[in-house]
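*Asks:* Sequence:
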Amino acid sequence: MSRFRALWQASLNATKKALTWNVEDLIPPTERYIFNFNSKEELKRWHLYSDSEYGGLSSASLEIADAGNGLRGIFSGKLSLDVAEDSKWNISRSGFCGMRSKKFDGFIDLDAYDTIALKVKGDGRCYISTIYTENWVNSPGQQEDNSWQAFVFVPKDNWYIAKASSSCFSTSIILEKDPREKRTYFAFSMEKDECGTNFPCHGCLSQYVNKHIPLAKYLPTWRGNVIDAELEMNPSRVLGMSLSVNAEGGVPGARSGPGDFQVEIDWIKALRTQ
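Here our numbering is used: the first residue of the sequence shown is 1, the next is one more, and so on.
Rather than coming from a laboratory, the hints here were simulated on the basis of the structure. Where is the CB? At the ideal position from N, CA and C, for every residue including glycine. Don't take every hint at face value.
The calculated label-pair distances, taken between Cβ atoms and stated as ranges, are [unchecked claim]:
1. T273 / N225: 28 to 34 Å
2. R93 / G68: 35 to 41 Å
3. G253 / R223: 25 to 31 Å
4. S236 / S87: 40 to 46 Å
5. A65 / N135: 31 to 37 Å
Here are the simulated DSS-like cross-link-like pairs (lysine-lysine), alpha carbons at most 30 Å apart as the crow flies [claimed, not checked]:
6. K156 / K102
7. K88 / K217
8. K156 / K78
9. K44 / K78
10. K78 / K102
11. K156 / K88
12. K102 / K40
13. K103 / K269
14. K217 / K269
15. K269 / K102
16. K40 / K103
17. K102 / K44
18. K103 / K44
19. K88 / K269
20. K88 / K78
21. K269 / K44
22. K103 / K217
23. K156 / K40
Model the full assembly from the supplied sequences, consistent with the hints where possible.
*Replies:* Okay, here's the thing in structure tokens:
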């Protein structure tokens, strides 16, 4: 091959590569794995926290184990409302545990997506999904990042794909069938049902329909409380995520109070639904 032809071929290959990159950049995949709990290496990406750091008696663990259908993450522990008698901390509340991802190497850009989805198997408790983004709004007391939270409630003992968000007035949850699981799933919204209740009763369950839940519905919070301000998440600068549980609070009908908790996690994804 002549020198000119070799140069021309190299230029052509570079152009093809650039065009391919541009197309993928303009039209990214419809879903993106953020976390996949199918390897023990995943444990290195997380750390645990609980009220025990401040004198509480709650405890938590995270392990990767074979749940009978492949490896899964298992976040479990015990929630306690008690405080150690010799605690040097004067905490106003106890009864919480969480697993938080270690900070990414840089940022994850989720600007092309509108929904966070988690495949989980719960225990009837209400969990809290948190997204941490670069601090561009200077929330009080948070020098490093902003936190955005949403409720995730999953009925006991079945696998669900949950796409969840919360607001001051309602919580919406979508539970969908995973094509790999031979089970039947359902969807519901925490808005008023025809019978007047604001939690799906057995008689009205079949009347619930899927409801799209945008990523923008995650609410800005500070120390677990919603910030009453017009703030907008910056999904292009995501620093990390967490999943936590409190002994008190959550959605009506969910299990609450001190005691054991356990949720199995298959994966966490970002989705583009529009």
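*Asks:* So which of those numbered hints doesn't the model satisfy?
*Replies:* Checked against the structure, the hints that fail are numbers 7, 11, 19, while the rest are satisfied.
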